[in-house]
Amino acid sequence: MREFIKGLWREHPVFRQLLGMCPTLAVTTSALNGISMGLSVVFVLFFSSLVVSLIKNLVPTQVRIAVYTVIIATFVTIVDIFLQAVFPDISMALGPFIPLIIVNCIILGRCEAFVSKHSLSASLKDALGMGIGFTWGLFLLGSIRELFGEGTILGFKILSSNYNPLIVMILPAGAFIVLGFLVAIMNSLEK
Amino acid sequence: MINLILIFISTLLINNLVLSSFLGICPFLGVSGKIESAFGMGMAVTFVMTLATSISWLIYHLILVKFGLFYLEYVMFILVIASLVQMVEMFIRKFSSNLYQSLGIFLPLITTNCAILGVALFMVARNYNFLESVVFGFSGGLGFSLVLLIMAGIREELVYADIPKVFQGAALTLITAGLLALVFMGFSGLISA
Numbered sequence: 001m002r003e004f005i006k007g008l009w010r011e012h013p014v015f016r017q018l019l020g021m022c023p024t025l026a027v028t029t030s031a032l033n034g035i036s037m038g039l040s041v042v043f044v045l046f047f048s049s050l051v052v053s054l055i056k057n058l059v060p061t062q063v064r065i066a067v068y069t070v071i072i073a074t075f076v077t078i079v080d081i082f083l084q085a086v087f088p089d090i091s092m093a094l095g096p097f098i099p100l101i102i103v104n105c106i107i108l109g110r111c112e113a114f115v116s117k118h119s120l121s122a123s124l125k126d127a128l129g130m131g132i133g134f135t136w137g138l139f140l141l142g143s144i145r146e147l148f149g150e151g152t153i154l155g156f157k158i159l160s161s162n163y164n165p166l167i168v169m170i171l172p173a174g175a176f177i178v179l180g181f182l183v184a185i186m187n188s189l190e191k
Numbered sequence: 001m002i003n004l005i006l007i008f009i010s011t012l013l014i015n016n017l018v019l020s021s022f023l024g025i026c027p028f029l030g031v032s033g034k035i036e037s038a039f040g041m042g043m044a045v046t047f048v049m050t051l052a053t054s055i056s057w058l059i060y061h062l063i064l065v066k067f068g069l070f071y072l073e074y075v076m077f078i079l080v081i082a083s084l085v086q087m088v089e090m091f092i093r094k095f096s097s098n099l100y101q102s103l104g105i106f107l108p109l110i111t112t113n114c115a116i117l118g119v120a121l122f123m124v125a126r127n128y129n130f131l132e133s134v135v136f137g138f139s140g141g142l143g144f145s146l147v148l149l150i151m152a153g154i155r156e157e158l159v160y161a162d163i164p165k166v167f168q169g170a171a172l173t174l175i176t177a178g179l180l181a182l183v184f185m186g187f188s189g190l191i192s193a
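From first to last, the protein sequence lines stand for chains A and B. Residue 1 is where the first sequence starts when you use my numbering, and the numbers rise one by one after that. Residue 1 is where the second sequence starts when you use my numbering, and the numbers rise one by one after that.
Please keep in mind that the hints were generated in silico from the structure rather than gathered at the bench. Take these hints with a grain of salt, some might be off.
Some chain A residues judged to face chain B by a derived CB distance under 7 Å, without partners named [to be verified]:
id	residue
1	L18
2	C22
3	T69
4	A73
5	A93
6	P96
7	P99
8	L100
9	I102
10	N187
11	S188
Here are the simulated lysine to aspartate or glutamate pairs, DMTMM-like style, with alpha carbons at most 25 Å apart [claimed, not checked]:
id	chain 1	residue 1	chain 2	residue 2
12	B	K66	A	D80
13	A	K117	A	E3
14	B	K94	B	E132
15	B	K165	A	E11
Chain A is nowhere near these chain B residues, computed Cβ spacing over 12 Å in every case [stated by the list, open to error]:
id	residue
16	I5
17	L6
18	S54
19	E73
20	R93
21	N98
22	D162
23	L179
24	I191
In this text, a Cβ means the ideal position worked out from N, Cα and C, and glycines have one as well.
Same shape as in the complex, but just chain A (with noise of 0.2 Å):
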């Protein structure tokens, strides 16, 4: 349980280890982006640390990462497949950022970091913890940034039409900004 539980708040990969910042910055856009891309995430994670725990006594130290890499790919070409199909509009939406989940330095790091080390059940629990972790942090920076930026958060309007948007909370300054209020904020927190 405590695997499961450190990326939930105490090791949590976007506030506290600044893991996967590029998708975190760039798809936040809204919260719905955010959701996406975090759930694609925990698939991917999930998926990889599963085959690395299982392949890991194979592999030769020197090449390792590269066959991490390749197996991660896997997964993510899956994932971006199964978006065009199903979900055109979030795909769409997405774009080169699923591609991306490939170099998403959460899901190589904790392959590298913790699932060489640890058993099968613990990297799964590590695995889904680190990725609903990430969701969380994903749809908070969305929402805010949604809120800010649109008055909305989810596609509801929250505030008046009155609200005149904040453009910027859009543009990547924006996410850069709020980003950073939010890790401050969670450093006071922990406290």
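Got chain A; can you put chain B on it based on the hints?
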């Protein structure tokens, strides 16, 4: 020719990989503490990115397109990048042990630098020809180095500032990056589309 210059300027300043496409954020946050290592990282990325884009273009158009193996696109790109990084690592270890030590663990992590895979993917999505792809890869690397160096310069000065404890470290770096992104938005009027 004018086309190539436009790609160069727009990739370097207007659509900067780090500040507008969010590619390569991990090394951008991790290695921007000192100008010297930022410079080394920037050069390594520029080198790998230019080579990786050229080789990926050749393989994509000569093999994948010809045989219709599009679903192998991601696996192929990542393999090209991983093997190139391995080569650069061996090269730097042999010729500059100082640089090797200062880059430390970040060199193998170039493999997972999304900027490099990102450039290869953008190249396919935007249908660039070979020459355009090479210029795109090169200017992408230079743009990354430029922003990394600016950031390292700012952070070296920030060390002397009196910063509230909760903002120290990553939080302040992210906010600085946000301000930098605002500054770079000023370049967007440079070329009218």
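Hints, verified against the model:
1. L18: Result: holds, 5 Å to nearest chain B Cβ.
2. C22: OK, holds: C22(A) within 7 Å of chain B, min 5 Å.
3. T69: Holds. Min distance 5 Å.
4. A73: 5 Å, holds
5. A93: Nearest chain B Cβ about 15 Å off; hint violated.
6. P96: 5 Å, holds
7. P99: With a minimum Cβ separation of about 5 Å from chain B (threshold 7 Å), the hint on P99(A) holds.
8. L100: 5 Å, holds
9. I102: At about 6 Å, which falls below the 7 Å cut-off, the nearest Cβ of chain B leaves the hint on I102(A) intact, so it holds.
10. N187: 4 Å, holds
11. S188: 4 Å, holds
12. K66(B) - D80(A): Distance ~22 Å between K66(B) and D80(A) Cα, so the pair holds.
13. K117(A) - E3(A): 13 Å, holds
14. K94(B) - E132(B): Status violated; Cα separation ~32 Å.
15. K165(B) - E11(A): 19 Å, holds
16. I5: Holds: least Cβ distance 24 Å, greater than 12 Å.
17. L6: Holds: least Cβ distance 21 Å, greater than 12 Å.
18. S54: Given a closest Cβ separation of 19 Å, the condition holds.
19. E73: 8 Å, violated
20. R93: At roughly 14 Å from the nearest Cβ of chain A, R93(B) sits farther out than 12 Å, so the non-interface label holds.
21. N98: Holds, because the least Cβ-Cβ distance between N98(B) and chain A comes to about 24 Å, which exceeds 12 Å.
22. D162: Fine: 16 Å to the nearest Cβ keeps D162(B) off the interface.
23. L179: Non-interface label fails for L179(B): nearest chain A Cβ at 7 Å, not farther than 12 Å.
24. I191: 18 Å, holds
The structure is inconsistent with the numbered hints 5, 14, 19 and 23, although it conforms to all the rest.
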